[in-house]
Every structure is written in structure tokens, then in C-alpha cells.
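S.K.: Using the sequences provided together with the hints, build the complete structure.
Note that the protein sequences, when read in sequence, are chains A and B.
When we follow numbering that gives the first Met the number 0, the leftmost residue of the first sequence carries the number 0, and every step to the right adds one.
When we follow numbering that gives the first Met the number 0, the leftmost residue of the second sequence carries the number 0, and every step to the right adds one.
Watch out, some of these pointers could steer you wrong.
27 Å max Cα-Cα, derived DSS-like pairs, lysine-lysine [as the list claims (entries may be wrong)]:
1. K76/A / K88/A
2. K287/B / K114/B
3. K88/A / K287/B
4. K114/B / K76/A
5. K76/A / K80/B
6. K76/A / K161/A
7. K88/A / K161/A
8. K88/A / K114/B
Covered by chain A, per the in silico footprint, the following chain B stretches (three or more residues, Cβ under 8 Å) [stated by the list, open to error]:
9. 1-7
10. 127-141
11. 270-280
To be clear, the hints were calculated from the coordinates, so they are not data collected in a lab.
For every residue, glycine included, the Cβ atom is placed at its ideal position computed from N, Cα and C.
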Amino acid sequence: MPRIRRGTGITLALVLILICPWPAPAGALTVRVAPELVSVNLGYHGREVLLEGEAPPGADVYVKVVSAPVRATLSQKGRVLGFWMNVRKVSVEGLPKLYQLYTPGTLADAPPVLRREGFTADYADARRAARVTEQTGNADRLLPTAAADPFVASLVQMYERKGLYAIGERAVQTRNGRFRVLINVPVGVPQGEIRAQVYAVRAGHLVAVSQTGFRVRSAGLVRQLRVLSGTDGPVYGSLAVLIALFAGALIGIFFDWLRRFLARGGTGNATIEAH
Amino acid sequence: MHVFLPIANMDLNIALVLGLGGVVGLLSGLFGVGGGFLLTPVLMMSGVPPAVAAASDTNQIVAASVSGTLAHARIGNVDFKLGAIILVGGLIGGTCGTDLVHYLRSMGNFDFVVKLAYVLMLFGVGLFMLQESLRAMRRQELEGPQEETAKPSPTRRFMQELPGQMYFPTSGIRCSVLALGGLGFLIGILAALMGVGGGFIMLPVMIYLLGIPTLKAVGTSIFTVVFTAINVTIAQATLNDTVDIVLAILLLIGSSLGAQVGAMLGQRLRGEQLRVLFSFIVLGVMVKMLYELVARPGAMIVLAGGH
Numbered sequence: 000m001p002r003i004r005r006g007t008g009i010t011l012a013l014v015l016i017l018i019c020p021w022p023a024p025a026g027a028l029t030v031r032v033a034p035e036l037v038s039v040n041l042g043y044h045g046r047e048v049l050l051e052g053e054a055p056p057g058a059d060v061y062v063k064v065v066s067a068p069v070r071a072t073l074s075q076k077g078r079v080l081g082f083w084m085n086v087r088k089v090s091v092e093g094l095p096k097l098y099q100l101y102t103p104g105t106l107a108d109a110p111p112v113l114r115r116e117g118f119t120a121d122y123a124d125a126r127r128a129a130r131v132t133e134q135t136g137n138a139d140r141l142l143p144t145a146a147a148d149p150f151v152a153s154l155v156q157m158y159e160r161k162g163l164y165a166i167g168e169r170a171v172q173t174r175n176g177r178f179r180v181l182i183n184v185p186v187g188v189p190q191g192e193i194r195a196q197v198y199a200v201r202a203g204h205l206v207a208v209s210q211t212g213f214r215v216r217s218a219g220l221v222r223q224l225r226v227l228s229g230t231d232g233p234v235y236g237s238l239a240v241l242i243a244l245f246a247g248a249l250i251g252i253f254f255d256w257l258r259r260f261l262a263r264g265g266t267g268n269a270t271i272e273a274h
Numbered sequence: 000m001h002v003f004l005p006i007a008n009m010d011l012n013i014a015l016v017l018g019l020g021g022v023v024g025l026l027s028g029l030f031g032v033g034g035g036f037l038l039t040p041v042l043m044m045s046g047v048p049p050a051v052a053a054a055s056d057t058n059q060i061v062a063a064s065v066s067g068t069l070a071h072a073r074i075g076n077v078d079f080k081l082g083a084i085i086l087v088g089g090l091i092g093g094t095c096g097t098d099l100v101h102y103l104r105s106m107g108n109f110d111f112v113v114k115l116a117y118v119l120m121l122f123g124v125g126l127f128m129l130q131e132s133l134r135a136m137r138r139q140e141l142e143g144p145q146e147e148t149a150k151p152s153p154t155r156r157f158m159q160e161l162p163g164q165m166y167f168p169t170s171g172i173r174c175s176v177l178a179l180g181g182l183g184f185l186i187g188i189l190a191a192l193m194g195v196g197g198g199f200i201m202l203p204v205m206i207y208l209l210g211i212p213t214l215k216a217v218g219t220s221i222f223t224v225v226f227t228a229i230n231v232t233i234a235q236a237t238l239n240d241t242v243d244i245v246l247a248i249l250l251l252i253g254s255s256l257g258a259q260v261g262a263m264l265g266q267r268l269r270g271e272q273l274r275v276l277f278s279f280i281v282l283g284v285m286v287k288m289l290y291e292l293v294a295r296p297g298a299m300i301v302l303a304g305g306h
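M.R.: Here you go:
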């Protein structure tokens, strides 16, 4: 009997050890994100995602948020016989559509070790992987870096205006070893996994790195329309036409009824004669 | 209040979109044009990607033109028989025109030549219509109200001598079926080359080459626009995935209402007054396109797409 009691006690202790949350070792970098899923529906107007956790003692926390690359097609204007026209068409691949940097102070104050991790004002890290292909007639040509740069820079500027590329200075707040930062998820964010890389820096040295992320997914009608448009274009197009035909006819019939109703009401000039 | 647009992947103010649709619908009901020349650039200025703006605009034109056709049909302004013949030619011309665009693009500088040709054509058509209708208005002031019968031009006389003559009671004209089909074919090719619906070309052709009274020409033109817009909407959704139904629905609510108001307003104007207004719009579009050609663009690199 005592043997059984001792066995039960050991089992209970093992169960307790397994079910109790394992405390992070002192000085470790832990990260949590909420919510883990951002749903894009008809009412989506951008939102914020909270990223928080514990930082090693005395360390500053920097956050880099990156999405998967999205292909974009651009036109370049030029002068032809004195007139401004689209003279080149290129496609940019490999450039993340979302790239945000969050720092506890100014970006200029970030230690040199973080520059290698992409903490620069010109988003050089994001731009490095971009490939620009020129479309000429039926052939495509990969542009060399010098020729590709203006296109990548222009696309980055467009993304910056939409808040997709951003630098959040003094956005990371740290108190009593806990940090928190609000990540802006603007309209136009690409669907899929958004990666958040968290860096802990002490005395100019990288002491810990952690990674988390959240998902952006369309929901409700937005999702249904996107799926239909992407998988069955003719059906989607026919649906768009049917809705337009129905709406146009409905409004036409309503106005006809309104005109007759007003004419019956004795407004006189509501009846229109054909010329 | 904002709404998220699934295909454009952005949000827009609902009132702004409804208002834009209303203005374009008004033009559609008044002149029988689609209005893509006006709406697509405004949507682009609001941040909608050019390709989505052009395709969704075409989708809403379906509703505005159906609404406008019903309004004009009710008052006997749509010549369905004549419109159907032009339409058949137009659809064949549009298909051939698409292949022609593909071929010409590979030769380089195609866009430049087409844009310049379009500006010159708009200038010619706009100026001719303005002069002609102002002259007609002056004549009316001096001699009193007259039946809208322009003197038969040599072109119209030539068309009346072609084989396959048919009488169109709604328009009150006799014309060759071959000539109508051929005109439709040419309009289809031009529409494909210019990347627009063709209402701008259709209306002057109907008035001056076929001799259709202005209001009947407006009604018949808008009837043909219904089918052109359906064709382009399905093609855009199939090939490019650029039709945003949510954007189109908001636009079409505004444009269908606007088209009704436009058709009613049109009834209160005389044929030559309508032609004067139309010529101003044609010249306005010409000036806008010319300005875009000569003024230094705000950005040298932009997202591709649009008309």
C-alpha cells in the first residue's frame, strides 16, 4: 500500500511538472502576438496587432515585420517626339509588399549590428532581393542592378505612401523587462504569413533573437469573391454582369413606376413626350 | 464610411464612389456614352490600381447602359433593329481589333501613335459637331423651329446607294445593312485600338453618317454599349482577374440613378443643344489627353494598367 502511495505521488509530481507552464530562464527573449489571425472583410479599414514579451535585463528591443514578396507591374514614362508616353513596362519580383521597422529610439541610434539585419532607412535589406524584368514585345529581359534600382525605389515609395513600408521610431516601449509594440496592419497588406523578427540588443551587441508572426486572411464575402475571381474567371465575370444587368433593370423599372406614380398624382409635366 | 474592395485590395469612401457613379451615369443617359474616359482616371486618382479601375468601370457601365436603354426605350428613342446590326459588326470588329492591337504592339510605339490619332480624331469630331450644331441653333433662331433633318452628305448619299437597303421605322431612315455592319466593324476596331467603349465614335457616326435624329442616336448608342461592356467585363474577369464586384456595385447604384436623370434631362433639350454639349465634352476630353501628352507627369514610374 505505501508502495502504491509512493508511486502515485511520483506520477502526480510528473503530471504537475508536465502541465505547469515552464518558466523562461531569466534573461531570455520571449514574444507573444495578438491576434494571431487578422481577418480582412468588407469593413476592414486597417488594424493594429500587439506584439509583447519579456526582454533580457537591460536590453533594447527592435522589431522587423516582413511579408512574402508580391509581383508588381510598372510603367515608365518618357518623351517621344516631345510627348510624354509609357515607354517601358517592367515587372518587379522578390520585393516584400510589407516591410516595417520598429525601434525604441530613433533609427539613427540603432547599433551597427542591426544595420546588417535590415534596420536602415532605405529598406536596403528588402530591396536587395528584388528582380526587375523588362517586357519588350514577346521577350523578357532581366535588368542589371543600376537599371533596376529606380523601379524598385519607386515601388517602395508607393508602398510607403500606403503605410506598408514604415519606420516606427520610439514605437517599442520597455518597462520592468517587458516590452510591447503595436504593429500597423494597413489596408493593402498581402494575404498570408507576416513574419515578425524580434532583436534584443545590449551594449551594442545582439544578445537574443526571436521570431513570431501572424496570418492575414480574407474572410466572408471578400474571401468568397477573391476565391471565385482567382479560380473561375468566366463565372465571376458572368456574375458581375448579371448583378449589373439586374441592378440596371431594377432601377429602370423603379423610375418607370415612379414616373407613372407622379403622373397619376397630377403633377402634369411628369409625362415625357418623344421628340 | 468606408468599404473594403476585395480585388483592388484597398478601402474607399462609399459616398465618394456613389457620387462618381452618379456623375458618369448622368453623362451616359444624356449622351449615350459609357463614361469610362472620365471615371477610370478619377478612380486611379483615388488610389484604385489602374487595371482594376478600368475593368470595374466597364462592369458598372453594363448597369448604367441597361438603365439608360430602358429609360430611352420607354420614350421610343432606341432603334433595336439598327442597333443590333451595328452591334454584330462591332463585336466582330472588336475581336479583329484585339488581334490587331497585339500585332501593332509588337512593332513598338503603338500606344503613342494611337493616343495621338485619338486626340486628333476627338479634335476633328468635336470641332465639327460644335460648328454644325451652333449653326443649326442660329438657323432656328432666325427661321423658327425646324424638323431635325440635316442635308444628306455625300457619304450618306453613298450609303443610301449601297446594296441591302432596309427601312428602320424607329429612326425613320433607309440604309444599307452592309454599310451598318461595316460601320459597326470599324467602330469595333477603333474601340479595341483606343481601349475605350466606342460611344464617342458611335454617336457622331449615327448622327452625321447615318442621319439618325440626335435623341434616337443617343438611345441606340447606349443600347449597343450594353453589349460592348458585357463583352469586355467577362474578358477582363477571365484574362486579368481585375473586375472588383464590390466597387462596381457601388458605382452602378450611382450610375444607374444618374442615367435615369440624364435621360430625363436629355428630353428637355433640343437635338442641337445636346450636340453642342456633347461636342464640349469631346473637346474637353481631347484637351485632357493633350495635356497628359505634353505636361511633365507627376511620377515617371507608375503602376501599369488602365485605359
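S.K.: Next, verify each hint and record whether it holds.
M.R.: Hint check:
1. At roughly 9 Å between alpha-carbon atoms, K76/A and K88/A fall within 27 Å of each other, so this suggested pair holds.
2. Proximity of K287/B to K114/B is assessed by CA-CA distance (about 12 Å); at most 27 Å being required, the pair is judged to hold.
3. Between K88/A and K287/B the CA atoms are separated by roughly 23 Å; this keeps the pair inside 27 Å, and the hint holds.
4. For the suggested pair K114/B and K76/A, the alpha carbons sit about 14 Å apart, so the restraint of at most 27 Å is met.
5. Proposed proximity of K76/A and K80/B is contradicted: the alpha carbons are some 45 Å apart, above 27 Å.
6. A C-alpha spacing of about 22 Å is found between K76/A and K161/A, which places the hinted pair at or below 27 Å, so the restraint holds.
7. For the hint linking K88/A to K161/A, the alpha-carbon distance of about 22 Å falls within 27 Å, and the restraint holds.
8. Under the criterion of a C-alpha separation no larger than 27 Å, the hint pairing K88/A with K114/B is consistent with the structure, at around 17 Å.
9. Given a C-beta distance limit of less than 8 Å, the hint that chain A covers the segment 1-7 of chain B holds, as 5 residues qualify and 3 suffice.
10. With 0 residues bearing a CB less than 8 Å from a CB of chain A, the segment 127-141 of chain B misses the requirement of three and the coverage assertion fails.
11. With 1 residues carrying a beta carbon less than 8 Å from a beta carbon of chain A, the segment 270-280 of chain B misses the three-residue requirement, and the given coverage is violated.
Comparing the model with each earlier hint shows violations of hints 5, 10, 11; every other hint is respected.
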